[in-house]
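> Could you use the hints to bring the two separately framed chains together as a complex?
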Amino acid sequence: MELSRRTLLGGFAAVAGGTLVGCSSGMDTGSTAKKNTTTELTMWCWPGGLGKSVIDDTIAHFPDPKIKYSEIGGDFKQKLVTTFNGGTGIPDITGIKGEDIASLLPQASRFVDLKSVGADSVLGDYLEWKVNQATTLDGKVIGLPIDVGPTGLFYREDIFAAAGLPSDPAKVADQLKTWDDYFAAGVQLKAKNPKALLVWDATDLYDMVVGQGTERYISKDNKFIGDQDHIRKAWDTSVKAMTMKIDGKTPSGSPDWNAGLDQGTIPTHIGAAWVALDIKSAVKTSAGKWRLAPTPSGPANFGGSFLAITKNAADPQKAFDVIKYMLSADNEAKAFADAQIFPSAPAAYDKPELKAADKFFGGQVPIDVFGPAAKAIPVAYQSPYDDSVAAPFHDELKTVQTGSKTSDAAWASAVSKAKAIAKRQGVQ
Amino acid sequence: MTGTATVPAATTAPLTGKGQRPGRRIWSYWRFYLALSPFYVLFAVFGLYPMLSTIVLAFQRWDGLSARRFTGLGNFEFLVQDPTFWTALENTIVLFFMSTVPTLVIALLLAVMLQSAVRFTNVYRIAYFIPNVTSLVAMAIFFSSIFSTNFGLVNAALRSLGIPQQDWLGQPWGIKIAISTMIVWQWVGYNTLIYLAGLQAIPKEQYEAAKVDGAGPVRTLFSITLPQLRPVILFTVVISTIGGLQTFTEPQVMVGNSGGTGQSGMTVVLLFYRTAFLDNDYGYAAAIALSIFLLVLLFTAINWRIFRGRSDDR
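Sequence order for the protein chains is A and B.
Heads up: the first sequence at position 216 corresponds to 216 in full-length UniProt numbering, and the numbers run straight through without jumps.
Heads up: the second sequence at position 1 corresponds to 1 in full-length UniProt numbering, and the numbers run straight through without jumps.
The set of hints was computed from the structure by calculation and includes no laboratory data.
What you are looking at is a predicted structure, and each value in this text was computed from that prediction instead of being measured.
Take these hints with a grain of salt, some might be off.
Straight-line distance between alpha carbons at most 25 Å, and here's what the computed DSS-like set of lysine-lysine pairs gives [what the hints assert, rightly or not]:
# : chain 1 : residue 1 : chain 2 : residue 2
1 : B       : K211      : A       : K249
2 : A       : K240      : A       : K190
3 : A       : K97       : A       : K220
4 : A       : K249      : A       : K220
5 : B       : K176      : A       : K405
6 : A       : K35       : A       : K190
7 : A       : K233      : A       : K375
8 : B       : K204      : A       : K417
9 : A       : K375      : A       : K355
So that you can see chain B by itself, here it is in the shape it has in the complex (with noise of 0.2 Å):
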């Protein structure tokens, strides 16, 4: 292997380096590519070989154990008939929009609020992140006691006011609300403060200027903050989407791997996990997964495309 500095040596071509091959001139980069290697390594051993071998596994039949059996378009034929698929891919959208408007508008709001706290902004900023460092697992079990019938918080304060106390978890809404509120509750910190890092990046010269021209606080919200805002906006409803459409550990640890009363919480990964790894389909399983990547491939473009918007050239 030849390093860079005998490259020109080793060539009789001129130096401009026209009439060298071009395998010669990537290989005096050896050094480079070594260098960006382990994370392509890493990517093609634990990324890119899984994903190709669910694609395989798709169109086969496998128990786990014994041979792999070819059946074509078998899996997705009865995808397409399953109705527990359809209950999970319609619990997904539902969850996905119950979890995922609310967590960005509140997260929108406690940043722009948090931009004009002048006192213990940090002690604020760190009190709205701490649900997103805290183990799912604990949480979920934390939340369906907060939500259990006879002795939750929730119910304790509806009986306060009067109001008749729920089965939250033995009711198919029920089920719903608490597991979209533990996403929310989970991901307002992070989205809060990736638009605090945005709302910082916006010039202060434009809200003088507006300041000037006498706009008020809310005209200010919609005509500068929010335009100026879009690709932040962009980032995290893509990021939203990515993790609201795989939702799996909040149904599974607080209704358990049935997705609960009327299979509520039977989002499309649970569904995907209970074929998988319980009744020991993987094929079908895989066919599952694959159905996952293209909603979320499907909402991410829907996303992007409204939130680009027309007027940015981008």
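For reference, chain A alone in the conformation it holds in the complex (with noise of 0.2 Å):
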């Protein structure tokens, strides 16, 4: 009856030689990919991350085999790899986050190359940008574009106006063009208004100029490049604003910058085309009071995403005709009209769904600003590490912001934490 402890460990033995050959198949790296079954296509997306009117007419436009669509709501990479590696159950066609697509790219392997179903055809049709962040080094393209989020200058115009600053979208874009004419907008509204502060949270600014740059932490020949002055300069202009006492210091999306866009203290946000939401569900009062205008110094990408065709598709050719059609110009601007996904198809920014105005930025048309900011992106190119890289700068920055370190000592311990991580990912 006694469990002695020869058996015990004999059972630990058992379940340990259970562990290592549990790992030996998971090193399965996707080569041999079993295809699904031919009778119905799947396809994985988030909740909100394509249009409901477009789903529904896609299932209705291609009836065989029957498309069965299926929300996937929580940490949808994390389900994705996790269905991966499982190795049955993988979707024909599933979606890819902006932040993921990086990270995926030296798993091409597991995704159809576009190139070989007939994308050439379509890729045009698409942001040149954002297409690219989806092709490989050896221009394999494994996505197409879904969505973008271009940023634009959001600003209360009523305290503009009280500031003696121009008030007028096209006076505002013409005098705030860069970050130092923005700075100095900030100075004066201070000067008049002091509750004011111009800019929401200085460290927020970093990834927009690091955003608004053609390079970013790591080169395409895999060198460490996060200390060059690219990302100095964005990290200098968030510490100008910190310096000239022009900074809230209030996160974007917490309960002091919901009540302050309301109030006042924060008069303009800059932000990806999908802030409009965050922005018009937190206030009341400012409604019909905020304006649009281009980003200073150009604008920058937050977020946007794709469809990919999984090597499991049992017919990826047919699955290509269904993304191609889901994300024709037409259907990302019913899209737009139905959930606020900005389109990735310039053709679709002249559809009567986007050329709308809105009432909450006083009758202004949004795609007026987001349009062009849409194609004037940067093409910049993305390391599958740039995230881990980028978080020592993220940390040391707010070190400068509360005032417990010097700039230059911040800086310092960035760069050499970032290294440390990037060698140990393989980094020169």
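Spelled out as structure tokens, the structure:
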């Protein structure tokens, strides 16, 4: 009856052996992908990733095989990775979020190269820099872009006017051309209205400036370039807003940010087109007083996802026809009307769905700002390790904001941490 | 398979059982083992297997999809050199003390008071326990509103007292106070109930004897209540240690995956989460997970030594 020490150890050994076996089966890199059944075309996306009317229309348009659409909540990438490792139930078509695409490019062998199923004829319809994000260094395209997140300057027209700043969108665009212009306006505003700090959170500006450039932390030949001038410029821009004392230190989406938008203590925000939804849901009294202008010193992009076809797809050609149809300019315009999914195909910007004036922005037409911004976003190479290497810069910039470190000390510490992470990931 | 009733008939050995082979004897109880097995099977699949595979993973490099590569002690080498890990370790231990000590002291005082309260005892018990069954994420969002700078409740209270408002979630110490306040709020009720149960098990005679000997309430607390509660206190300390060293949800929701200003809210488990699921560096994450395991083991051992006491013969 007693469980002796020997039997117990034996049991452990058996389980440990099983573990090793389990590991080795996990080493399959997907080169021998099992094909899905042809009777059904499975598609995964996250809630709100595709417009409802577009999904319904696509399912009706392709009756054979029947499209089975599944909405996957929670951590989408994690669930996709787990399913890939499990080897069964992998969807034919899957969404890939913009922030995950760089880390999935090394896994290109698990996806169908869209060029092999005729994507060449449609790739030109999409924004070049966006297609570039889903293209491997050897030229494979693993995803067709669903949407993009071009940035713009959201500002309170009434507060600008009261401080003697230009308040008309055209004039704001004219005067706030660069970060220096924007900061100068912040100083003028603070002199008239001490409670209104122009920059909501200076650390947010850092990623914007990095996104305005053509290089990030790691170069195409896998070298660490995070210690160079283009990153330092982003760092210094953010620090400048802090030293000019026009930094509200209010992280976007926080309760203080939500309240400050209405109270006028946060008179501007710079963010992707989808931030409009956050602002609209946060404010009550200031609706109609917001306006849009181009981002100072040029647009950046935040977010924007893709549809990809896995190697497990029973009929990759058919799957490509489906995503091509779903992401046509007409359907992207519909998805925008449906769920504010900002189109990745510039032809959609001229459709009536996007040309609508928005009362929230005092009758301004948002696409007039975001459309040109989307087309002007620079192409930049993003390494799979970009996010991990960027983390120390964000962490250290916060210590400058609270005044616990000088800018130079924090920069030195960020660079040395980033180098250690880069080295660990095999970056030179 | 032979049933228990047929075992004696099936063997030629004497019924004393001495000559029976042990394997035979074990098999004769197969029904009992079958009845016991669900727990062990589930534990092996969902507990033991992940634990052992974590140990294996800690010696490998794996991004979640590519082939795994054996790296020996590479992950641990990086671990001891990683400044973020040491920051996280320090934060975890500081947060553990900032939350566990107040939790247990307040819980003990509440339990003693609830023990002597005459009216509405059950109402209080329920009220104190409610935070423990509230959704952690909802609570973290609620607490980050309370501690928000311009429109938070805490700063409103400070302002009304004439004290300047603080940027709670923007300052390293403010983040720690906010997180530990939330942990205290959540766990006081649970520990109070445990202490209350322990208090009710102390024989009334001891208190009566103390009263006869002329001991006041403070003397009674230190000479009778606390020594008698020692095993219960050990239990709560061990449970709080295990929970406290694995703080994750509170900082994650309140200050985000970066750990907030100066990484002040970065705990070891949050670092583990970030490494595994955001950076996709599963091998290193497994090494971090092992370090948490060793940390919990170490602290539990220390607690055990302290609270077991020398006079206690068990």
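> Now look at each hint and say whether the structure bears it out.
Outcome of the hint check:
A C-alpha spacing of about 59 Å is found between B:K211 and A:K249, which places the hinted pair above 25 Å, so the restraint is violated. This hinted pair checks out: A:K240 and A:K190 have alpha carbons roughly 15 Å apart, not beyond 25 Å. For the hint linking A:K97 to A:K220, the alpha-carbon distance of about 22 Å falls within 25 Å, and the restraint holds. Between A:K249 and A:K220, the direct Cα distance comes to roughly 35 Å. Violation of the 25 Å bound is thereby established for this hinted pair.
Taking the CA atoms of B:K176 and A:K405, the gap is about 19 Å. The hint holds against a cut of 25 Å. Taking the CA atoms of A:K35 and A:K190, the gap is near 63 Å; set against the 25 Å cutoff, the hint is violated. A threshold of 25 Å between alpha carbons decides the hint, and for A:K233 with A:K375 the separation of about 24 Å falls inside it, so the pair holds. With a C-alpha separation of about 61 Å, the suggested pair B:K204 and A:K417 falls outside the 25 Å cut-off, and the hint is violated.
Taking the CA atoms of A:K375 and A:K355, the gap is about 16 Å. The hint holds against a cut of 25 Å.
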